[in-house]
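Q: So the protein sequences, as listed, match chains A and B.
The opening residue of the first sequence carries number 1 in our numbering; numbering runs sequentially from there.
The opening residue of the second sequence carries number 1 in our numbering; numbering runs sequentially from there.
Since the hints were made in silico from the structure, they are not lab data.
Careful: at least some of the hints might be erroneous.
[To be verified] Chain B regions said to be covered by chain A (calculated; three or more residues, Cβ under 8 Å):
hint: 1; stretch: 42 to 56
hint: 2; stretch: 131 to 137
hint: 3; stretch: 155 to 164
hint: 4; stretch: 230 to 242
hint: 5; stretch: 255 to 261
hint: 6; stretch: 300 to 311
[Unchecked claim] The calculated BS3-like cross-link candidates involving lysine-lysine, where the alpha carbons are at most 25 Å apart (straight line), are:
hint: 7; chain 1: B; residue 1: K214; chain 2: A; residue 2: K237
hint: 8; chain 1: A; residue 1: K2; chain 2: A; residue 2: K194
hint: 9; chain 1: A; residue 1: K246; chain 2: B; residue 2: K214
hint: 10; chain 1: B; residue 1: K214; chain 2: A; residue 2: K248
hint: 11; chain 1: A; residue 1: K237; chain 2: B; residue 2: K261
hint: 12; chain 1: A; residue 1: K246; chain 2: B; residue 2: K289
hint: 13; chain 1: B; residue 1: K322; chain 2: A; residue 2: K248
[As the list claims (entries may be wrong)] In silico contact screen, one side only, chain B against chain A (beta carbon under 10 Å); selected entries:
hint: 14; residue: T98
hint: 15; residue: Q250
hint: 16; residue: T315
hint: 17; residue: A321
Treat the numbers as computed from the prediction; the structure is a model and nothing was measured.
Even glycine gets a Cβ: it sits at the ideal position worked out from N, Cα and C.
Spelled out from the first residue to the last, the chains are:
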Amino acid sequence: MKIIVAIKQVPERDAHIRIDSSGKWIEESDVQYAMNESDAYALEEALQLREKHSGEVIVVSAGPERVGTTIREALAKGADRAIHIDCNDLNQRDALGVARLIADAIRPDNADLILTGLQSDDLGYGQTGVILAELLGVPHATLILHVEKTDAGLKVKRELEAGFFQEIELPLPAALTIQSGGNKLRYATLMGIKKAKTKEMRVVTAAALDGAPVAVLDGIAHPKKQRSTQIIPGDAKQAAATLVEKLKFEARIL
Amino acid sequence: MSGICVVLEERDGRIGRISWEALAAGKLLAAQSGQPVSAVVIGASTESIANEAATKAVNNVIRVEHPLLAHYTSDGYTIALHQLIEKESPTAVVFPHTYQVRDFAPALAARMNEVLIGDVVAIGEGPVFTRQLLQGRLAGNYRHQGSGPCFVSVQAGAFRADAIESGSAEATNFTPTIDAAQIRTEPGEPFRGSAQTVDLGSAPLIVSVGRGIKEADNLPIVQELATALGAELAASRPICDNGWLPMERQVGSSGQTVSPKLYLAVGISGAIQHLVGMKGSQCIVAINKDPDAPIFEVADYGIVGDLFEVVPALTEAIKAAKG
Ligand SMILES: Cc1cc2nc3c(=O)[nH]c(=O)nc-3n(C[C@H](O)[C@H](O)[C@H](O)COP(=O)(O)OP(=O)(O)OC[C@H]3O[C@@H](n4cnc5c(N)ncnc54)[C@H](O)[C@@H]3O)c2cc1C
Ligand SMILES: Nc1ncnc2c1ncn2[C@@H]1O[C@H](COP(=O)(O)O)[C@@H](O)[C@H]1O
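If we strip away everything but chain A, and leave its shape as in the complex, we get:
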């Protein structure tokens, strides 16, 4: 099976976020980056499928030069080769724009299976995988926790709301968006890290933005505060004591 995994580099969760001077994105120099969480699960699923059915795992990532480190991480975990779509204006493109970049870059590979994470932790569109399927003309399923290859194609386990699940069968080629938690993630081995340096990473330049996107991100802001939380002051010990008092006499819970 030839599997493509789309991985996005996103700000680390604990990153200190400041709005930049354009008011349209965050101050990038402050931020450490990491692989998007559900993409790590998509990669893991791809590697396990390759281990069972042989084939090739190709990772693709669109972003500026820095995404190279995340691509190397995926190669170190076991992906066979990578495509880096060099693109410095990711945040000005909408989900359709980014999906088009990825679709154009992976189309020549004619993969059997395309995996994405279900949602990016920064822009959070939750759309790229579904749009990719549409652009490539293949069926798709979303929120997938488990993938099994069958004679006819795939049988996948989809998460539904409120603790329900569903199985879906679909033919190959197909695209899936992977939900986190379906597998246990592997770590890169020292050997893997060494080998990653020798693996192919093809860089393609992103086509320039032609005109404005359909969905324009005009500006970003800190969310409006809606509810006034009583923030309890003092060091840990004082705050703990005050909280217990409040729960007892104000909220009358304890």
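Place chain B with the ligands on chain A using the hints.
A: For chain B with the ligands alone, kept in the frame of chain A given last:
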């Protein structure tokens, strides 16, 4: 192009609450531009939900019916709604941001060279659509400038369903042309995960732990707090994903919905998928080192600090208070 279409989703035979919220958002858009609103229902037999929709103040109800729409499939819904939208040519199509909508609406929009502005939490004049970025730590303002309809989905709880007036609308039928061969996926029946042995739904006190705990080895400090309080232990998704606690203890959109007297969130950031599972709690306390964490938006009491200091201190204070 004219009119606003709101696509309502069935939940256990009735129109789900979040669909009414989507209708409220659609009516807001309609009021901004003086346009009529159509409620759209879809399926193999839509009579009862069409009747339900017709009791609200909408201009008309459109029943999109076809035997191949008996079960949801992305292909079926995309084809059917694409044909309807071509015919109606609305300026905007509004959806509730459900798992089902996430599954097909991006493809539907892309088929028309449009983009879904998804998971919207507010609509301002313009219209300007606000959606969360970085898991709720920032808000982004979006504008639509495509030539086709503007596709929007709204987040659960963001618009007020009870603001919709009642009415009595006429229903019309729309029969899409669908061929069985166009439906490429075969969906199975929904089923529940493994049997649940803890019922967080009825627990009066809950201590819930998130990724701030860093390692499984640190869990005992929150377990001790829960024990001192006599509370059940719950968690955010990543804790269960990592296998540190069983999935049945997960709170949120894909876990359990809880409404205890006290929900004490430790090292949880407050992503919307977590909040929907616990914001009905009577009293919410959050312990987080980040003063801007979204969890403080729903908390009654907050302690901004390092949980590794605050939690043990709180355990001691509770033990002392209980004597
Ligand atoms: C379709 C879908 C369904 C989902 N379903 C669910 C669901 O059912 N339930 C759910 O919970 N999530 C769900 N999620 C995931 C959700 O979006 C968030 O990723 C998740 O809730 C984050 O968990 P967290 O708050 O524990 O982790 P993080 O977001 O990483 O937050 C950790 C927090 O800990 C704080 N912290 C770190 N160190 C310390 C310290 N020493 N002291 C104090 N505070 C500290 C940080 O400031 C941060 O706020 C779902 C996501 C999607 C896309
Ligand atoms: N710039 C990108 N490069 C590679 N993959 C991406 C990129 N943006 C989004 N994706 C993929 O699409 C998924 C969903 O992203 P989004 O639609 O932004 O929520 C991510 O989890 C990635 O797998």
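Q: Against each hint, give a clear statement of whether it holds in the structure.
A: Evaluated hints:
no., hint, verdict
1, 42 to 56, "violated (count 0)"
2, 131 to 137, "holds (count 7)"
3, 155 to 164, "violated (count 0)"
4, 230 to 242, "holds (count 4)"
5, 255 to 261, "holds (count 4)"
6, 300 to 311, "holds (count 9)"
7, K214/B to K237/A, "22 Å, holds"
8, K2/A to K194/A, "24 Å, holds"
9, K246/A to K214/B, "28 Å, violated"
10, K214/B to K248/A, "30 Å, violated"
11, K237/A to K261/B, "24 Å, holds"
12, K246/A to K289/B, "20 Å, holds"
13, K322/B to K248/A, "11 Å, holds"
14, T98, "7 Å, holds"
15, Q250, "9 Å, holds"
16, T315, "8 Å, holds"
17, A321, "5 Å, holds"
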